[in-house]
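Number of protein chains: 2
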Amino acid sequence: MPRFRIIIEYAGGDFCGWQRQANAPSIQQALEDAITAFTGETVEVVGAGRTDTGVHALAQVAHFALETERFDADKAMKAINFHLRPAPIVIRHAMEAAPDFHARFSARNRSYLYRILNRPGPAALDRGRVWHVPQELDAAAMHDAAQTLIGKHDFTTFRAKHCQARSAEKTLDGLTVSRVGEEIHLNTHARSFLHHQVRNITGTLKLVGEGKWTRRDVEQALAARDRAAGGPTAPPDGLYLVSVGY
Amino acid sequence: MPRFRIIIEYAGGDFCGWQRQANAPSIQQALEDAITAFTGETVEVVGAGRTDTGVHALAQVAHFALETERFDADKAMKAINFHLRPAPIVIRHAMEAAPDFHARFSARNRSYLYRILNRPGPAALDRGRVWHVPQELDAAAMHDAAQTLIGKHDFTTFRAKHCQARSAEKTLDGLTVSRVGEEIHLNTHARSFLHHQVRNITGTLKLVGEGKWTRRDVEQALAARDRAAGGPTAPPDGLYLVSVGY
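The listed protein sequences correspond, in order, to chains A and B.
Take any residue in the first sequence, count from 1 to its spot, add 11: that is its number in our numbering.
Take any residue in the second sequence, count from 1 to its spot, add 11: that is its number in our numbering.
Treat the hints as calculated values from the structure; they're not laboratory data.
For clarity, every value in this text was computed on a predicted model and none was experimentally measured.
Glycine included, every Cβ here is placed at the ideal spot set by N, Cα and C.
Among the hints, erroneous ones may be present.
Just some of the chain A residues that point at chain B, by a computed CB distance under 7 Å [to be verified]: (1) ALA22; (2) GLY28; (3) PHE82; (4) ILE100; (5) ILE102; (6) ARG103; (7) MET106; (8) ARG138; (9) VAL191.
Within a straight-line C-alpha distance of at most 27 Å, the following computed DSS-like cross-link-like pairs (lysine-lysine) qualify [what the hints assert, rightly or not]: (10) LYS86/B - LYS223/A; (11) LYS223/B - LYS223/A; (12) LYS223/B - LYS89/A.
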């Protein structure tokens with residue numbers, strides 16, 4: 012029973028997120044349907060990160076198993092990509108995986124990028140791919156305040172109300188904010204994240220970038236362990252799952 | 012009679028190009044309609060470069076004149092951007108211009124970028140924004156061959172049949188080809204370009220990247236002064252008007 016590991020790029024704007032839902036198009040469903048169209052088999056595709064509605068991925072990782080031995084990884088990739096069209100979902104790489112490889116449980120870290128377009132005019136080329144913030148943000152102040160979140164903390168302040176994780180305690184391994192031309196890029200990595208954690212952190216750091224909040228305000232918000240103490244949730248448009256490490 | 016200079020970003024995929032046409036949506040028309048909606052005046056918007064169907068711009072430059080003195084440049088930009096929605100066209104910057112400023116005739120140079128996505132899997136996030144070439148290209152060989160095109164030449168080999176320029180003689184000031192991650196970027200600048208010149212050069216250099224043509228073949232194609240001697244025309248998807256210098 013061959014097992015495949017695939018690396019997937021997608022634009023999340025037209026989907027309800029990674030996870031299969033009864034009445035809305037998901038990335039998982041689109042992949043499963045394409046694999047069925049190619050193999051005739053019903054499969055479950057398991058992803059490393061369950062990205063939300065509208066969130067994109069540069070390199071999501073997933074696995075699935077087939078009953079038959081007929082296909083090599085390269086051929087499978089091309090055939091699945093053919094059946095995925097015209098959905099904006101593409102398998103970038105496919106390889107055979109060890110029988111115990113599990114995209115979600117074997118993952119050791121996840122990296123996300125959040126892109127803010129920080130200029131007076133909104134996005135034309137990158138519409139739906141960035142969060143447009145017209146007023147100029149202080150990236151250095153955002154980066155400085157972000158450092159208070161590094162390490163092991165109770166992240167209740169930055170956790171969605173309906174988050175299903177057993178504990179709000181997480182270890183944030185890296186969080187940098189920098190200006191890249193007209194954009195502000197927030198790069199972060201950790202073993203795993205709570206639901207909406209990156210978007211809630213981004214919405215909070217934006218307040219720092221505007222000069223409304225200080226580094227101390229972020230520290231106090233974290234310590235409050237109360238979602239109401241944090242800033243607003245940034246929109247999904249600017250969020251990208253960048254990589255998953257094993 | 013105030014004159015404005017505007018810098019415009021757009022995604023060209025849904026348009027017949029910059030120039031107004033009777034029965035197809037153009038960038039020029041969309042801008043003129045938005046300015047009319049805002050001012051009540053009928054205007055002509057004159058662009059620096061008449062980009063083709065499907066070609067994008069990071070910073071096209073244009074000018075237009077209004078009868079009335081009512082609007083400052085910033086207010087005009089915001090109002091026109093409001094009326095442009097939901098078209099993927101955005102004014103990035105607007106300023107008052109000298110009475111003799113002409114976006115096209117005052118322009119001293121134009122820069123273009125051509126993006127090739129060079130990986131096995133097609134584009135998901137950048138669909139319609141890159142040319143997907145799955146087989147690996149040799150960017151260094153492409154760059155080396157490109158240098159034979161620098162300088163003043165008769166570019167008939169790289170000129171569209173229906174090009175309206177009086178002469179095929181142009182001076183190419185810069186042309187570099189480099190690998191940027193999974194992409195090959197072709198950057199070029201000149202005082203002006205012939206119709207399809209960048210796309211025909213790109214289609215020809217791709218043959219070099221594949222190993223089908225040598226630097227010498229490019230040199231001979233140029234010397235032939237015959238469109239039939241050149242490579243195919245690259246698709247518009249990967250082409251961006253990057254900047255216009257005055």
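Hint check results:
1. ALA22: holds (5 Å)
2. GLY28: violated (16 Å)
3. PHE82: Nearest chain B Cβ about 16 Å off; hint violated.
4. ILE100: At 6 Å from the nearest chain B Cβ, ILE100/A passes the 7 Å test, so the hint holds.
5. ILE102: Hint on ILE102/A: holds, closest Cβ of chain B at ~6 Å, below 7 Å.
6. ARG103: holds (5 Å)
7. MET106: violated (12 Å)
8. ARG138: holds (6 Å)
9. VAL191: Since the shortest Cβ distance to chain B is 14 Å, the answer is violated.
10. LYS86/B - LYS223/A: holds (25 Å)
11. LYS223/B - LYS223/A: violated (59 Å)
12. LYS223/B - LYS89/A: Given pair LYS223/B, LYS89/A holds - Cα atoms ~24 Å apart, limit 27 Å.
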